[in-house]
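**Q** As a plain string of letters, each chain reads:
2 protein chains.
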Amino acid sequence: MNRRQFLHTASLAALAPTIAWGANPAENHPEQLARWLRVAEKLKPKLNETTVTPLKVVKPVADGAQFLRWRMETVAPAAKLGEWLLRDGDGAIIDFGGYVTGHFRFTVTPEGQGVDSPTRIKLTFGEVPAEMAGSFADYKGGLSRAWLQEEVITLDVLPATIQMPRRYAFRYVKMEVLATSPVFSVRLGGLRATALTSAGPNKSPLPGGAPELLRRIDEVSLRTLRNCMQTVFEDGPKRDRRLWIGDVRLQALANYDTFQNYDLVKRCLYLFAGLPREDGFVPACVFEQPKPARGHVYIIDYAALYAALLLDYARAAHDWKTARELWPVARRQMEILSQYVDKNGVFSAPAGSWVFIDWKDGLDRTAAMHGVFVYSLRQAQALAQAVGADREAAEYGKRIAELTAVARAQFLDSTRGVFTSGPQKQVSWATQAWMALAEIASPTEGAAALRAAQNLPDAVRPGGPYLYHYFVAAMLKCGLKTEARELVQSYWGGMVNAGADTFWEVYDPKNPMLSPYGDPMVNSYCHAWSCTPAYLLRSGGLL
Amino acid sequence: MNRRQFLHTASLAALAPTIAWGANPAENHPEQLARWLRVAEKLKPKLNETTVTPLKVVKPVADGAQFLRWRMETVAPAAKLGEWLLRDGDGAIIDFGGYVTGHFRFTVTPEGQGVDSPTRIKLTFGEVPAEMAGSFADYKGGLSRAWLQEEVITLDVLPATIQMPRRYAFRYVKMEVLATSPVFSVRLGGLRATALTSAGPNKSPLPGGAPELLRRIDEVSLRTLRNCMQTVFEDGPKRDRRLWIGDVRLQALANYDTFQNYDLVKRCLYLFAGLPREDGFVPACVFEQPKPARGHVYIIDYAALYAALLLDYARAAHDWKTARELWPVARRQMEILSQYVDKNGVFSAPAGSWVFIDWKDGLDRTAAMHGVFVYSLRQAQALAQAVGADREAAEYGKRIAELTAVARAQFLDSTRGVFTSGPQKQVSWATQAWMALAEIASPTEGAAALRAAQNLPDAVRPGGPYLYHYFVAAMLKCGLKTEARELVQSYWGGMVNAGADTFWEVYDPKNPMLSPYGDPMVNSYCHAWSCTPAYLLRSGGLL
Numbered sequence: 001m002n003r004r005q006f007l008h009t010a011s012l013a014a015l016a017p018t019i020a021w022g023a024n025p026a027e028n029h030p031e032q033l034a035r036w037l038r039v040a041e042k043l044k045p046k047l048n049e050t051t052v053t054p055l056k057v058v059k060p061v062a063d064g065a066q067f068l069r070w071r072m073e074t075v076a077p078a079a080k081l082g083e084w085l086l087r088d089g090d091g092a093i094i095d096f097g098g099y100v101t102g103h104f105r106f107t108v109t110p111e112g113q114g115v116d117s118p119t120r121i122k123l124t125f126g127e128v129p130a131e132m133a134g135s136f137a138d139y140k141g142g143l144s145r146a147w148l149q150e151e152v153i154t155l156d157v158l159p160a161t162i163q164m165p166r167r168y169a170f171r172y173v174k175m176e177v178l179a180t181s182p183v184f185s186v187r188l189g190g191l192r193a194t195a196l197t198s199a200g201p202n203k204s205p206l207p208g209g210a211p212e213l214l215r216r217i218d219e220v221s222l223r224t225l226r227n228c229m230q231t232v233f234e235d236g237p238k239r240d241r242r243l244w245i246g247d248v249r250l251q252a253l254a255n256y257d258t259f260q261n262y263d264l265v266k267r268c269l270y271l272f273a274g275l276p277r278e279d280g281f282v283p284a285c286v287f288e289q290p291k292p293a294r295g296h297v298y299i300i301d302y303a304a305l306y307a308a309l310l311l312d313y314a315r316a317a318h319d320w321k322t323a324r325e326l327w328p329v330a331r332r333q334m335e336i337l338s339q340y341v342d343k344n345g346v347f348s349a350p351a352g353s354w355v356f357i358d359w360k361d362g363l364d365r366t367a368a369m370h371g372v373f374v375y376s377l378r379q380a381q382a383l384a385q386a387v388g389a390d391r392e393a394a395e396y397g398k399r400i401a402e403l404t405a406v407a408r409a410q411f412l413d414s415t416r417g418v419f420t421s422g423p424q425k426q427v428s429w430a431t432q433a434w435m436a437l438a439e440i441a442s443p444t445e446g447a448a449a450l451r452a453a454q455n456l457p458d459a460v461r462p463g464g465p466y467l468y469h470y471f472v473a474a475m476l477k478c479g480l481k482t483e484a485r486e487l488v489q490s491y492w493g494g495m496v497n498a499g500a501d502t503f504w505e506v507y508d509p510k511n512p513m514l515s516p517y518g519d520p521m522v523n524s525y526c527h528a529w530s531c532t533p534a535y536l537l538r539s540g541g542l543l
Numbered sequence: 001m002n003r004r005q006f007l008h009t010a011s012l013a014a015l016a017p018t019i020a021w022g023a024n025p026a027e028n029h030p031e032q033l034a035r036w037l038r039v040a041e042k043l044k045p046k047l048n049e050t051t052v053t054p055l056k057v058v059k060p061v062a063d064g065a066q067f068l069r070w071r072m073e074t075v076a077p078a079a080k081l082g083e084w085l086l087r088d089g090d091g092a093i094i095d096f097g098g099y100v101t102g103h104f105r106f107t108v109t110p111e112g113q114g115v116d117s118p119t120r121i122k123l124t125f126g127e128v129p130a131e132m133a134g135s136f137a138d139y140k141g142g143l144s145r146a147w148l149q150e151e152v153i154t155l156d157v158l159p160a161t162i163q164m165p166r167r168y169a170f171r172y173v174k175m176e177v178l179a180t181s182p183v184f185s186v187r188l189g190g191l192r193a194t195a196l197t198s199a200g201p202n203k204s205p206l207p208g209g210a211p212e213l214l215r216r217i218d219e220v221s222l223r224t225l226r227n228c229m230q231t232v233f234e235d236g237p238k239r240d241r242r243l244w245i246g247d248v249r250l251q252a253l254a255n256y257d258t259f260q261n262y263d264l265v266k267r268c269l270y271l272f273a274g275l276p277r278e279d280g281f282v283p284a285c286v287f288e289q290p291k292p293a294r295g296h297v298y299i300i301d302y303a304a305l306y307a308a309l310l311l312d313y314a315r316a317a318h319d320w321k322t323a324r325e326l327w328p329v330a331r332r333q334m335e336i337l338s339q340y341v342d343k344n345g346v347f348s349a350p351a352g353s354w355v356f357i358d359w360k361d362g363l364d365r366t367a368a369m370h371g372v373f374v375y376s377l378r379q380a381q382a383l384a385q386a387v388g389a390d391r392e393a394a395e396y397g398k399r400i401a402e403l404t405a406v407a408r409a410q411f412l413d414s415t416r417g418v419f420t421s422g423p424q425k426q427v428s429w430a431t432q433a434w435m436a437l438a439e440i441a442s443p444t445e446g447a448a449a450l451r452a453a454q455n456l457p458d459a460v461r462p463g464g465p466y467l468y469h470y471f472v473a474a475m476l477k478c479g480l481k482t483e484a485r486e487l488v489q490s491y492w493g494g495m496v497n498a499g500a501d502t503f504w505e506v507y508d509p510k511n512p513m514l515s516p517y518g519d520p521m522v523n524s525y526c527h528a529w530s531c532t533p534a535y536l537l538r539s540g541g542l543l
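Just so you know, the protein sequences line up as chains R and F, in that order. So the first sequence is numbered by the working numbering: it starts at 1 and just counts up by one. So the second sequence is numbered by the working numbering: it starts at 1 and just counts up by one.
Read the hints as simulated data drawn from the structure, not as lab findings. Among the hints, erroneous ones may be present.
[Claimed, not checked] With beta-carbon atoms standing in for the labels, derived distance ranges:
hint	chain 1	residue 1	chain 2	residue 2	range
1	F	Thr-74	R	Gln-289	22 to 28 Å
2	R	Ser-442	F	Asp-90	34 to 40 Å
3	R	Arg-38	F	Thr-109	23 to 29 Å
4	F	Leu-213	R	Trp-84	53 to 59 Å
5	R	Arg-35	F	Asp-156	24 to 30 Å
6	F	Gly-112	R	Trp-84	55 to 61 Å
7	R	Ile-162	F	Pro-207	50 to 56 Å
8	F	Ser-539	R	Val-157	33 to 39 Å
9	F	Asp-156	R	Pro-30	24 to 30 Å
10	F	Gly-352	R	Arg-87	35 to 41 Å
Don't be surprised by glycine CBs; every beta carbon is placed ideally from N, CA and C.
Only chain R is shown next, with the shape it has when bound in the complex (with noise of 0.2 Å):
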């Protein structure tokens, strides 16, 4: 089942399970929740601006052996734009040289006759040069067709300097001039891009004898990164730039390593702690605008992910006191979760709730899905024990005894070293990362049911680079330094050999048109999940 499905069911609202929230009646208390949005918003950034100019104007040249088919050919350097005089039909691409979030101005100067009508400009932003390539008219994908970028303006006075009113996320604008009038062209000029982040410097390069497509990809990762840092850790600045648990819990690993910026991490905690569902449980996502309200989505990994988020926040940033205020938020996804193991001792997910893990079609999460849980119990029982919370730290060390005997006997094959997912006893990627993440696999166990599945040919590879990064961390926890490092070297290193200036949603070196959505175009293609070979090559331990 895939996101988009999602979109078009009845939310897990529906599913939500009856039982108080909390033992504390002010924990779930309206005062409560509006005083942690309040503090969300204390916490909002101020961004930083950088002026960005164009480096050229490019084209772009179909060739197969490209990611999405396309890449671009430089046509003139950009200064050249300004002496060209354009017409009904004439336009240029303009190449950035690098990917920008944020704003996009610029001038427009007529010249002949007199301006004796409206001129009429389209513009085009794109992540990537297939974007630039092709028609959006042409658009087939399931999410609404208003993500891509493209705008028609109309100025009735020339000669206009235009600020673009709305964020982009882009390295190439397609400038089309669609209607001047017979009498005169106009000029283009002035274009300037106002990039936006509340990243600061990265505080932590790499050692200088780090190998050269390893620095490549933590640059990468850098700029994804950056530009997802907005006033919360968007997920993708292009689409659909709301902040998600999973998303911002890698981010967070991210940044902890490179900008340290804690404030936003902390902003986010109390964003998804202030929007629970009535019964507590946290949404996947938040929406920050007209004002922050949770997303309409609820996910099973995520809200238990949750924990681990507090977690690694109150151990980078030092702060137990936000460990202790935020606690009963991360008991409370305990508290839900627990339910939902079934009598026979196995994590099962509601019947119509989405359990995320990967982009894949066809994966069977359950094998997965208990191994997040007990993971996740893991990350609460060292917050129980932080914070004082000796009853639950108890508590949650019996579940996870408990829920490891039992996956052992589910899921654990020890004729073939792997274990399995569901009644068809599918092996997958997924299933050894969290198996080995979850500690229920020994770390020696783990390292052979991780190189079990990648040898496997039949085994259920990942979808996307969310599930990437779990399975290199499952491989960096078993000792599998070497194969995690050749891991991101093909993986990430393949989008940034395929051309990546920031680390995409989706990649599937096998299927390069690969989209969860129906139609590339609407990928996100600088995606915060795809950012953490900048954690992995410094507290990762890959380097």
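Given chain R, work out where chain F should sit, using these hints.
**A** Relative to chain R, chain F alone:
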């Protein structure tokens, strides 16, 4: 030759005569021109704003019997719109119940699980039903397609109140939701137009006993004029929004009899005076934005009529001070135009110059232009007398006599009782009208010639309202009041009966799809020069 062709050719500026401008060196001094422009600037009116609420939701229905082959059918009262949930492909056409030049605002309210994507909405503003029926993508006209009033906007945050930044000219607004997302729909509400005009109330209603059709024609005339009266007398608020001498002269006449905004005419007189060609020749039109500037086209008959514009104004506003100050401008037009009288005494516009007279292919303009010049010399003579320029008054008198004699010798076909034009001896309504208005024909001759032209099947008929006005004016001058009234009732009444809210730039009852620009979508349907029945029914003597 039509306006479109001119827009492709070199400006008449290339044909500027070389004689110095004005006997008095101060007259074309840059400081003088700058001062005149400052006078114009000070006279710029503050516009009156009226809020207009929509009347109903309508749909276009193909109907070969209707103007441009479409009529509107009511779908629902406007209030119903807010009850509809709209998503991709949905929309509605709103009828404001009357013509508006001004701004448009509306609200967009989401309904659904959450606003998880931007929303894209297309707006199309139309003066007439046909603009709502098709797609502007099919536009084939020669003028800029940027005139077609359409916008696509993308909203990142809902709910939103949208104040469209541009000014539009419309009765209808088509609102199409191009994209929401699969989980939300939108409601459109709060639709409001803000009508702008520099016209105040009509100070001279028609007498109570005026026939119904004439009353309706008058209403439409006043609505046309009101919508064209902005910070100048625009020729059309949809297109091309400029101040043209030929158009403002007719608007001013209707204005003196009704809204009596004398300062607006004065402003226009000063704009032309302050923006002449280097030799003092006034441009056919001026631009207001970004700062007052002369248009790039020159029209011989329009320049001649500056004298009439100034004289009419001085008489109506009793402002002979302005007449004295701007008299050199009128005089200068006569000086320049006098050079174009050829060795046979016939006015011969230079090759490549533009003589308008009417929108009509195939019209021989020689005699009519000769008539316009004589008519204008008469206005200039009256001005000269009023300001004490006796030398010029006498000179113009002598020239009028000479040109009249030549015209009678060259153009009058005594046998048929008509005036002809050109080597083919073409008989046209235009020629008869201007022979009568110039008093080259006596009232008796003129009456006979006007009637004869109307009855001659192969006489070249008028192409549009501008010439119809002068033809009716000529009839009234020659005592053909009944016939004049019949013509107004059939021509302007024809537009009213075809559903006109405002009078059109172009109307040929026999060719409803007529457009001088190759596509009726770009015709102006609220056009200055069509508003003259309001004048004809008052000072004009039609009642």
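**Q** It remains to establish, for every hint, whether it holds in the given structure.
**A** Hints and how they fare:
{"no.": "1", "hint": "F:Thr-74 <-> R:Gln-289: 22 to 28 Å", "verdict": "violated (38 Å)"}
{"no.": "2", "hint": "R:Ser-442 <-> F:Asp-90: 34 to 40 Å", "verdict": "violated (58 Å)"}
{"no.": "3", "hint": "R:Arg-38 <-> F:Thr-109: 23 to 29 Å", "verdict": "holds (27 Å)"}
{"no.": "4", "hint": "F:Leu-213 <-> R:Trp-84: 53 to 59 Å", "verdict": "holds (56 Å)"}
{"no.": "5", "hint": "R:Arg-35 <-> F:Asp-156: 24 to 30 Å", "verdict": "holds (28 Å)"}
{"no.": "6", "hint": "F:Gly-112 <-> R:Trp-84: 55 to 61 Å", "verdict": "violated (45 Å)"}
{"no.": "7", "hint": "R:Ile-162 <-> F:Pro-207: 50 to 56 Å", "verdict": "holds (53 Å)"}
{"no.": "8", "hint": "F:Ser-539 <-> R:Val-157: 33 to 39 Å", "verdict": "holds (36 Å)"}
{"no.": "9", "hint": "F:Asp-156 <-> R:Pro-30: 24 to 30 Å", "verdict": "holds (28 Å)"}
{"no.": "10", "hint": "F:Gly-352 <-> R:Arg-87: 35 to 41 Å", "verdict": "violated (24 Å)"}
Going down the numbered hints, you'll see the structure goes against 1, 2, 6 and 10, while the others check out.
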